[in-house]
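Protein chains in written order, with the working numbering: chain A, 1 to 165; chain B, 1 to 165; chain C, 1 to 500; chain D, 1 to 500.
Hints are not guaranteed to be accurate.
Below, a list of computed lysine-lysine pairs in the DSSO-like style, where the Cα atoms sit at most 30 angstroms apart [said to hold, decoys possible]:
1. C:LYS359 - A:LYS114
2. C:LYS2 - C:LYS266
3. A:LYS139 - A:LYS160
4. D:LYS326 - C:LYS435
5. A:LYS54 - B:LYS107
6. C:LYS187 - A:LYS76
7. D:LYS454 - D:LYS359
8. D:LYS435 - C:LYS2
9. A:LYS20 - A:LYS40
10. D:LYS29 - C:LYS435
11. B:LYS76 - D:LYS448
12. C:LYS120 - C:LYS151
13. A:LYS54 - D:LYS103
14. D:LYS191 - B:LYS105
15. D:LYS2 - A:LYS54
16. B:LYS54 - C:LYS29
17. B:LYS19 - D:LYS359
18. A:LYS108 - C:LYS191
19. B:LYS54 - C:LYS359
Which bits of chain B does chain D cover? Going by a derived footprint, with three or more residues having C-beta under 8 angstroms, they are [to be verified]:
20. 56-67
21. 136-146
In short, the hints are calculated from the structure, not lab data. Note that the Cβ used here is the ideal one computed from N, Cα and C, for glycine as well.
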Amino acid sequence: MFINYEHNSHVYNIEVERKKNQYFVTYNNNIYTVEAHEIKPGYLKIRLGDRIIKCVISENGDNRFVFIDGDVFRVKRIQLTGMKKSSRKEGDLTSPISGRVVRVKTKKGDIVKKGDVLMVIESMKMEYLIRAPYDGRIKRINFRENDQIDMGEITVEIEKKRKKQ
Amino acid sequence: MFINYEHNSHVYNIEVERKKNQYFVTYNNNIYTVEAHEIKPGYLKIRLGDRIIKCVISENGDNRFVFIDGDVFRVKRIQLTGMKKSSRKEGDLTSPISGRVVRVKTKKGDIVKKGDVLMVIESMKMEYLIRAPYDGRIKRINFRENDQIDMGEITVEIEKKRKKQ
Amino acid sequence: MKLFSKVLIANRGEIAVRIIKACQEMRIKTVAVYSDVDSKAPHVQIADETVNLGDPTPSESYLNISKIIDAAESVGAEAIHPGYGFLAENPDFAQACEDSGIKFIGAKPEVIALMGDKIKAKKTMEKADVPVIPGYHGLRQDISTLVKEGKKIGFPLLVKATAGGGGKGMKIVHSEEYLEEAIESAKREAKSAFGNDSIFLEKYLDRPRHIEFQILADEHGNIVHLFERECSIQRRHQKIIEETPSPVMTPELRDRMGRAAVAAAKAVGYTNAGTIEFMVDGDLNFYFMEMNTRLQVEHPITEATTGIDIAKWQLRIAAGMELTLKQHELTQRGHAIECRIYAEDPSNGFLPSIGVLEKIEVPTGPNIRNDTGVETGMEITSYYDPLLSKLIVYGENRDDAIDKMIWALSRYVVLGVTTNIPFLRKVLEHKAFRKGDITTHFIENHFKNWTLSKDGLPVDALIALAVYDSMHPGREEVVRYKEADPHSPWRHAGRWRIGV
Amino acid sequence: MKLFSKVLIANRGEIAVRIIKACQEMRIKTVAVYSDVDSKAPHVQIADETVNLGDPTPSESYLNISKIIDAAESVGAEAIHPGYGFLAENPDFAQACEDSGIKFIGAKPEVIALMGDKIKAKKTMEKADVPVIPGYHGLRQDISTLVKEGKKIGFPLLVKATAGGGGKGMKIVHSEEYLEEAIESAKREAKSAFGNDSIFLEKYLDRPRHIEFQILADEHGNIVHLFERECSIQRRHQKIIEETPSPVMTPELRDRMGRAAVAAAKAVGYTNAGTIEFMVDGDLNFYFMEMNTRLQVEHPITEATTGIDIAKWQLRIAAGMELTLKQHELTQRGHAIECRIYAEDPSNGFLPSIGVLEKIEVPTGPNIRNDTGVETGMEITSYYDPLLSKLIVYGENRDDAIDKMIWALSRYVVLGVTTNIPFLRKVLEHKAFRKGDITTHFIENHFKNWTLSKDGLPVDALIALAVYDSMHPGREEVVRYKEADPHSPWRHAGRWRIGV
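I would like the entire structure built from these sequences, with the hints used as guidance.
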């Protein structure tokens with residue numbers, strides 16, 4: 001069985017085979033042979049050599065949360081194999097938060113400079129500023145003042161200014 | 001819908017009808033009209049007039065445990081209607097506990113007096129004595145020393161001595 | 001003197017739960033209020049009575065004075081406990097309670113108003129010989145005046161909402177070029193959060209610590225302090241770890257600051273529980289910063305080290321009872337730490353994280369207290385503050401308390417939203433924290449651009465995931481757990497897989 | 001001086017959980033042992049390593065010295081903590097540890113042996129000028145001698161196992177005619193529980209209270225006491241409610257008894273944590289009863305009022321560290337109460353109740369501690385003691401603590417087995433308890449033939465049941481929740497009903 005997990009825009013390819021309580025997990029050309037029990041739903045106790053891995057896992061569709069050694073990782077199970085998706089990069093103008101647009105400081109066609117505040121989003125009484133990631137021209141503004149906005153929605157689209165040749 | 005519950009050898013006959021969140025519960029010629037919600041599995045919030053009844057219920061087959069106002073009642077849902085079962089009475093020689101028979105102090109045919117110790121059962125390091133409930137003759141002994149015994153199993157059977165005419 | 005027979009709690013979350021329990025132990029009936037999204041919240045479940053406030057927008061529910069007064073009147077509540085946040089420091093609300101013949105469990109409206117106006121508060125303290133920080137607290141609020149005054153005080157400079165608290169409407173300005181933008185933004189935030197855009201400017205201290213003193217004052221003129229709390233560990237000017245005693249405190253300084261705190265409370269005729277916040281600089285000079293006229297988020301650490309139940313004393317004081325605690329009989333013993341568990345992502349600028357709490361398991365054990373207002377299945381929305389719970393530990397000394405907190409944090413399971421738990425643990429494990437070498441800049445200095453794992457997903461987590469998904473291959477068979485009762489209001493039960 | 005790096009806990013249930021957590025906080029690795037029926041028990045889940053002992057019969061598992069020593073050796077544990085019960089006061093076990101080079105966390109074998117022999121213990125105390133109760137502690141153990149000596153002391157008379165504790169092998173005899181039968185039964189119980197049928201006889205006191213003092217003694221000759229615990233509320237000679245301070249205690253009596261307790265410990269060269277149990281009569285005369293050479297079930301109430309972690313000090317002392325606690329620095333503050341939550345039926349002679357724990361919800365809140373070794377889904381068997389958990393509360397004073405305990409008990413949900421929770425609450429609510437007017441006969445005097453409800457099932461419960469069963473009519477559709485994983489060891493998940 002092949003499974004792919006994505007975490008922080010990195011994709012991990014795993015193969016796992018099972019024989020009763022024994023699991024053979026192949027990752028990065030290593031084979032880990034483990035014995036595992038689910039003590040209660042989501043609570044795993046895994047024996048790897050003389051080490052015990054204890055963890056708690058929750059699932060919601062393809063999303064997984066893994067609690068291990070006091071740390072928690074948010075992971076997505078994906079169908080694609082071997083592909084890497086890039087996450088937020090320079091120029092990403094998605095909203096970092098779900099909230100309400102309280103101010104739109106620009107309009108279509110405006111020329112903006114890197115660092116200019118384009119939009120202000122309020123959530124839980126805090127303000128989040130959407131700034132221009134580079135010099136450019138506003139192509140499209142997707143929200144108006146008082147609109148609700150969800151995390152990950154694109155706020156503003158900018159055409160990047162071409163570098164002078 | 002008619003339901004019968006048994007508690008401490010008393011049987012309660014109830015009728016309940018439902019319309020959405022409203023329930024009409026008839027007991028003892030009274031009709032109680034209530035509104036009810038299950039907040040989480042087994043956690044009920046019931047509005048009866050201006051009173052709120054909060055309780056927690058668990059089920060295991062026909063057995064129910066009801067937690068209400070800090071008290072807990074063990075109740076059985078039964079199919080019979082209107083019948084009353086009698087519970088432990090004088091002469092009941094069932095084991096009050098699950099445990100191990102550590103001593104059998106009588107044998108078949110013995111004449112015993114009220115109060116004589118017939119059998120000793122040990123559970124959780126405590127001893128429980130089975131005593132003769134009346135004068136009589138031992139008809140049957142169902143367990144030997146070191147046998148396991150479950151709560152409610154009959155330990156010894158005695159033929160009661162006839163009163164002199 | 002009799003206690004109240006019924007109290008309405010005008011709040012939600014962990015503080016509503018904590019107050020409801022205090023009331024119930026004292027045989028006071030409790031009334032919870034709730035907005036539509038909170039209908040299944042723990043504070044609603046445990047209260048004796050509940051009143052729905054409707055729309056979850058704060059101004060339509062927990063901030064709506066007339067709705068709350070109406071609720072109290074409709075159920076016959078004799079008193080209202082405001083908790084912290086929302087209407088706790090709103091003098092209009094305290095006044096509205098008084099006008100309706102309902103006892104407001106807190107300070108008097110005029111005292112709240114005075115201390116809520118940070119400018120007037122400082123002037124009052126100056127008169128009472130309590131030292132204050134240099135700054136501009138003027139009434140002229142036009143941008144150009146504020147910019148001019150800011151330049152006069154110099155940088156770094158603090159810009160803060162006059163009516164504020166909790167980091168809202170607060171900015172630090174490190175150089176002149178950002179001053180104007182910061183002032184404008186602070187004014188907007190202040191307006192939105194408090195309905196008042198007045199701000200003030202203040203000198204930003206070197207190696208500053210935030211140390212506060214808890215006060216209890218009855219309505220008969222008796223005032224005691226319950227010693228200090230060290231609250232220097234902050235992110236975005238919001239406390240996240242508090243402890244008592246302060247590692248920097250000496251008996252002599254404690255005595256001086258305690259007396260200053262009592263003098264400050266006396267100067268304004270303070271009643272009920274309150275907190276005097278001081279800034280303490282590298283040379284242990286202390287300055288009055290503000291007074292919080294309410295129960296403080298971090299009150300449990302004082303309870304752990306003094307053995308006093310502050311919430312219960314609030315109820316007794318409001319009922320007119322006399323404070324039987326005497327200053328010389330109060331003792332501070334051992335060490336207590338509180339960590340605030342937020343649904344937020346420390347590796348993404350501490351942005352709030354919303355979603356359904358899929359699984360929660362809280363650490364338990366001797367001297368571990370978990371004040372929580374959430375449970376498995378609840379949804380964390382963006383309507384309210386993302387505080388999930390407060391974890392409080394007590395130990396015989398600071399080292400024991402730190403060890404216990406590290407143990408507890410590393411066993412605190414919250415799945416479904418991102419929390420700051422792993423981050424808090426890293427702070428507790430930091431050498432400088434262990435040494436007590438902390439200032440309000442601690443997070444900025446030691447945890448800038450922190451992320452949980454620089455090396456990606458640990459192999460153990462990958463193995464666990466693969467094993468888990470291999471144990472549960474039947475994705476097609478997955479059904480969402482659903483009550484047989486189609487009218488059940490229960491939601492977010494998580495998933496249950498059905499076998500044979 | 002270094003702490004251990006790995007400790008094996010030779011116990012189960014709440015006390016194993018409590019000790020494992022103490023070790024983990026101190027960064028000591030823990031090893032749990034377990035019998036087959038305990039493989040999913042909480043103490044097994046939280047330990048760092050686990051060793052299976054097999055057959056659940058105590059003599060084959062938790063009482064099996066060689067299996068436990070082997071387990072410790074196989075995992076390289078440097079020390080063993082025995083908890084209470086099982087092997088905690090078995091000198092052979094302590095000796096076997098010593099012989100294997102494993103540190104036994106407790107008293108020295110010869111001291112355990114001495115104090116375990118109740119007869120020798122009393123003689124030792126008499127020599128050290130600690131007052132003891134009149135009785136027969138002779139070596140002649142034939143029935144006729146015991147009967148003769150019993151008649152000499154008079155009635156009521158206590159018959160008790162020499163090696164005993166916890167009510168096992170203990171009988172009270174009110175008149176001559178039952179004496180012989182009681183002696184025989186006590187001897188059988190003693191033989192079965194302790195492998196030793198030796199018993200002793202003692203005068204049974206008038207209006208007796210059971211008051212004990214906690215001791216901590218290091219291996220360098222330092223001894224302190226941590227004040228008293230009042231343990232008079234007992235059923236079948238088993239404590240069920242403990243509190244501190246004792247309502248009857250005066251500073252002068254506390255001082256005298258504390259000094260007697262320290263003298264008793266000194267007289268036998270005692271080390272580690274221990275408890276001196278006294279009987280106190282109606283005139284406040286006190287008599288040495290016995291010394292428990294182990295951690296006591298009720299140690300948490302001392303921890304709540306002194307701020308000291310006794311389990312951690314046991315570990316430090318066993319590692320050779322010096323006691324840094326000084327008698328004059330120790331303080332007793334506020335009031336603490338413990339209730340023992342048993343799976344037993346108070347209206348049926350306190351007989352144990354077995355079954356699966358279908359639902360557990362523990363009360364939580366400030367100053368509420370719940371030491372538990374069970375969780376939802378676990379099965380309570382007849383193999384072991386039916387103690388489920390201990391509920392401990394702290395309040396500023398006795399009234400506050402009682403109020404808090406009543407609140408907590410009335411919100412403690414345990415479904416699936418019968419527990420003593422409603423009974424405990426009725427005891428707490430009793431006027432005589434509130435007044436502190438308690439003796440060891442309290443339950444017998446005030447709660448003879450107690451039953452939960454004399455009027456049958458309350459109407460509210462009937463309504464709730466009918467509503468519940470009407471909400472869940474689809475009995476045919478009921479499926480037992482089952483892991484998709486057929487190899488899953490998880491059991492007793494309860495039922496889940498599936499809708500549309």
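> Which of the listed hints are not met by the structure?
Replying inline: 1, 5, 6 and 21
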